[in-house]
Amino acid sequence: MPVTQAMASERRPDISAQTALYEQMLFIRRFLEKVDVLYRQGHVHGPAHLGLGQEAIAVGAATVLRPEDYSIGTYRGHAHALARGAPAEAVLAELLGREGGICAGKGGSMHITSVERGYYGSYAIVGAHLPIAVGLAWASRIKKTEQVTVCFFGDGAVNIGAFHEAVNLAALWALPIVFVCENNQYMEYSPISSMIPVDRPAASRASAYGLEPLLVDGNDVFAVAEMVGAAVDKARDGGGPALIEADTYRLKGHSVADAGAYRPAEEVQRWRGQEPLVRQRAALLAAGTDEQDLIKLETRVAISVSGLADRVLAAPAPDPATVWTDVWADGGSRWRN
Amino acid sequence: MAELTFRNAVLAALAQEMERDERVVLLGEDITSGGVFKTTTGLVDRFGPDRVWDTPISEQAIVGAAMGAAMAGLRPIAEIMFSDFYAVCWDQVVNEIAKTRYMTGGQVTLPLVLRGANGFGSLGFGSQHGQSVENWAMCVPGLKIVSPASPVEMVGLLAAAIRDDDPVLVFEHKALYGGKAPVPDGEHFIPLGEARVVRAGSDVTLVGLSITVGMCERAAATLDGAGISAEVIDLRTLVPLDAQAVLGSLAKTGRLVIVEENPGQLGWGAAIAALAAEEAFDDLRAPVIRVSGGNVPWPVAPELEAVVDVSPDRVVSAIQTLMKH
Numbered sequence: 001m002p003v004t005q006a007m008a009s010e011r012r013p014d015i016s017a018q019t020a021l022y023e024q025m026l027f028i029r030r031f032l033e034k035v036d037v038l039y040r041q042g043h044v045h046g047p048a049h050l051g052l053g054q055e056a057i058a059v060g061a062a063t064v065l066r067p068e069d070y071s072i073g074t075y076r077g078h079a080h081a082l083a084r085g086a087p088a089e090a091v092l093a094e095l096l097g098r099e100g101g102i103c104a105g106k107g108g109s110m111h112i113t114s115v116e117r118g119y120y121g122s123y124a125i126v127g128a129h130l131p132i133a134v135g136l137a138w139a140s141r142i143k144k145t146e147q148v149t150v151c152f153f154g155d156g157a158v159n160i161g162a163f164h165e166a167v168n169l170a171a172l173w174a175l176p177i178v179f180v181c182e183n184n185q186y187m188e189y190s191p192i193s194s195m196i197p198v199d200r201p202a203a204s205r206a207s208a209y210g211l212e213p214l215l216v217d218g219n220d221v222f223a224v225a226e227m228v229g230a231a232v233d234k235a236r237d238g239g240g241p242a243l244i245e246a247d248t249y250r251l252k253g254h255s256v257a258d259a260g261a262y263r264p265a266e267e268v269q270r271w272r273g274q275e276p277l278v279r280q281r282a283a284l285l286a287a288g289t290d291e292q293d294l295i296k297l298e299t300r301v302a303i304s305v306s307g308l309a310d311r312v313l314a315a316p317a318p319d320p321a322t323v324w325t326d327v328w329a330d331g332g333s334r335w336r337n
Numbered sequence: 338m339a340e341l342t343f344r345n346a347v348l349a350a351l352a353q354e355m356e357r358d359e360r361v362v363l364l365g366e367d368i369t370s371g372g373v374f375k376t377t378t379g380l381v382d383r384f385g386p387d388r389v390w391d392t393p394i395s396e397q398a399i400v401g402a403a404m405g406a407a408m409a410g411l412r413p414i415a416e417i418m419f420s421d422f423y424a425v426c427w428d429q430v431v432n433e434i435a436k437t438r439y440m441t442g443g444q445v446t447l448p449l450v451l452r453g454a455n456g457f458g459s460l461g462f463g464s465q466h467g468q469s470v471e472n473w474a475m476c477v478p479g480l481k482i483v484s485p486a487s488p489v490e491m492v493g494l495l496a497a498a499i500r501d502d503d504p505v506l507v508f509e510h511k512a513l514y515g516g517k518a519p520v521p522d523g524e525h526f527i528p529l530g531e532a533r534v535v536r537a538g539s540d541v542t543l544v545g546l547s548i549t550v551g552m553c554e555r556a557a558a559t560l561d562g563a564g565i566s567a568e569v570i571d572l573r574t575l576v577p578l579d580a581q582a583v584l585g586s587l588a589k590t591g592r593l594v595i596v597e598e599n600p601g602q603l604g605w606g607a608a609i610a611a612l613a614a615e616e617a618f619d620d621l622r623a624p625v626i627r628v629s630g631g632n633v634p635w636p637v638a639p640e641l642e643a644v645v646d647v648s649p650d651r652v653v654s655a656i657q658t659l660m661k662h
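Residue numbers (this note's numbering), protein chains in the order written: chain D, 1 to 337; chain E, 338 to 662.
In case anyone wonders, no lab produced these hints; they're calculated from the structure. Incorrect hints may appear among the rest.
To be verified - For the chain D half of the interface with chain E, some residues (derived, Cβ under 7 angstroms), not all of them: (1) H111; (2) T113; (3) I125; (4) I132; (5) L136; (6) A162; (7) I303; (8) L313; (9) P316; (10) D319; (11) W324; (12) V327; (13) W335.
Backbone N, C-alpha and C define an ideal beta-carbon position, used for all residues, glycine too.
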């Protein structure tokens with residue numbers, strides 16, 4: 001299969017921009033690790049699916065979007081919301097079921113949404129949001145705006161009908177949308193390779209819709225930004241959709257309740273050496289950044305996340321009366337008189 | 338005043354609202370050529386290809402695209418050719434469209450309409466093209482449900498559905514499409530959630546929806562001759578439900594017959610019967626009776642259809658039984 005690959009980007013931005021991206025990814029990493037700890041301490045109500053190790057995709061893609069662009073993702077969507085600028089305190093409050101949650105305590109970990117920041121939701125039925133993403137892009141086309149939609153989904157989603165219906169319609173109508181498959185190698189507990197009759201979950205399917213197979217190293221934040229950026233530019237210019245497969249690795253289990261013991265230790269070890277933060281840190285040092293400066297930055301991020309958690313833990317529960325709001329556009333939930 | 342068929346009433350409502358609001362856009366299978374039931378004929382010529390979009394046979398994409406476009410500020414109307422096909426996109430309807438406003442704490446608004454042919458009517462469509470599926474939707478909080486009974490009702494209720502800021506499923510009974518009735522000139526709008534007293538009466542309340550409203554009317558006319566005065570209520574919408582219209586009528590008549598095309602084992606009539614039991618027990622002078630579709634997948638041979646379909650005759654005999662109680 002001829003595949004266009006962007007493995008390691010040579011065109012890196014200046015050092016301050018690189019440092020900013022490192023800090024953003026690090027913040028998300030510390031945030032997710034904190035959620036893991038809080039879950040084990042009994043503070044997270046319900047499951048949480050962490051994208052530990054997959055931060056470069058969310059951050060790399062977000063850097064190429066305009067504020068008015070749309071993005072949309074899955075239940076493993078914390079990084080995607082944060083990367084667009086969703087307020088971290090409100091996201092954590094949602095995970096912990098506290099007042100001030102970004103979805104008012106009605107969405108929880110799997111449905112983090114920040115419309116204000118262009119992140120139109122995290123969806124927990126695998127593949128379901130791809131058709132919805134097509135609708136966002138369809139609206140841009142009808143309204144003749146320049147807005148592009150970026151739709152993130154996991155490798156497991158390529159085997160469900162909604163994926164095929166959505167990519168087909170987007171390609172048929174040449175909509176301004178970029179589909180980004182985060183291939184973290186596992187469909188829940190099963191290696192994705194054991195669940196597809198082709199080489200690659202997304203890239204191998206692209207030609208079925210007349211799209212170019214695009215593959216990127218999803219642990220290289222600049223490679224992601226470069227490939228998604230090119231696809232977004234093309235879509236914005238009326239060039240139609242793209243389907244990108246970003247290779248990455250889920251450093252932990254499917255959810256906080258899963259230890260991921262089915263993964264060979266050697267495999268985990270290998271990917272740990274290639275995870276985005278390790279690589280970006282090494283790149284910054286190689287580019288001449290003083291390690292002491294990095295340590296300061298890392299300390300600052302750790303303190304910030306820790307303070308965030310303390311504040312949210314101290315927040316009260318939502319007002320029980322609010323359970324009856326927001327079913328209908330009038331703010332209420334009345335179904336009869 | 339023009340005579341309009343039910344199908345042309347759909348067309349009239351779509352045109353009325355597309356004229357009024359340029360955010361209203363249509364998508365569905367074969368709709369630029371009018372669609373299988375000819376409810377969208379000529380709209381692409383009048384409003385242009387940016388407002389009327391033909392899709393592949395791809396219901397998940399159709400319904401999902403409607404949802405995404407609604408989130409982005411349009412007011413899409415998706416045609417689902419036969420309501421039986423909701424089964425292949427039900428995730429989009431009940432897990433995404435019905436819930437996303439709530440799950441996001443009110444961050445998104447979904448002003449969209451899903452509409453199309455519904456119902457049995459002994460037309461030979463059988464099990465996979467002949468169901469009445471309003472009951473599927475009624476058990477899911479977050480969906481409004483409209484099912485008009487006549488051409489003028491169709492224009493006004495479909496217009497209200499399109500102007501509503503919430504997702505609305507509009508069920509158009511396919512056996513009504515060809516029927517004609519006068520529709521006054523001018524714009525029509527009937528608020529959702531207001532039932533209609535089709536005919537006043539004092540002995541028994543007949544509650545119908547869509548095609549069964551006409552059956553109730555015919556049954557009531559027959560019973561006039563037997564000295565039984567039946568009040569007929571057209572619910573018009575199941576959500577929002579005008580429960581007070583039913584309870585108010587029941588306070589007067591003390592008897593309730595609910596006529597639905599849904600299967601009796603769990604049709605919308607069960608919710609109305611529960612309402613009467615819970616909130617109007619003291620008004621009841623006789624058991625509540627439901628006249629419902631048969632509890633089998635729908636057959637095709639006419640002689641078999643007749644056994645399971647609802648009909649004015651079945652309504653009449655239900656009332657006669659009730660009056661003997």
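Now for the hints, and whether the structure bears them out:
1. H111: Because about 5 angstroms separates H111 of chain D from the closest Cβ in chain E, which is inside the 7 angstroms limit, the hint holds.
2. T113: holds, 4 angstroms
3. I125: Holds. Min distance 5 angstroms.
4. I132: Hint holds; I132 of chain D Cβ to chain E Cβ min 4 angstroms, cut 7 angstroms.
5. L136: Holds, because the Cβ-Cβ distance from L136 of chain D to chain E comes to roughly 4 angstroms (cut-off 7 angstroms).
6. A162: Cβ of A162 of chain D sits 5 angstroms from chain E, so the hint holds.
7. I303: At about 29 angstroms, which exceeds the 7 angstroms cut-off, the nearest Cβ of chain E leaves the hint on I303 of chain D violated.
8. L313: At about 20 angstroms, which exceeds the 7 angstroms cut-off, the nearest Cβ of chain E leaves the hint on L313 of chain D violated.
9. P316: Violated: closest Cβ of chain E sits about 16 angstroms from P316 of chain D, beyond 7 angstroms.
10. D319: violated, 13 angstroms
11. W324: Violated - the Cβ of W324 of chain D stays beyond 7 angstroms from chain E, reaching only about 10 angstroms at its closest.
12. V327: holds, 5 angstroms
13. W335: holds, 5 angstroms
In terms of the numbered hints stated before, the structure departs from hints 7, 8, 9, 10 and 11, listed from lowest to highest.
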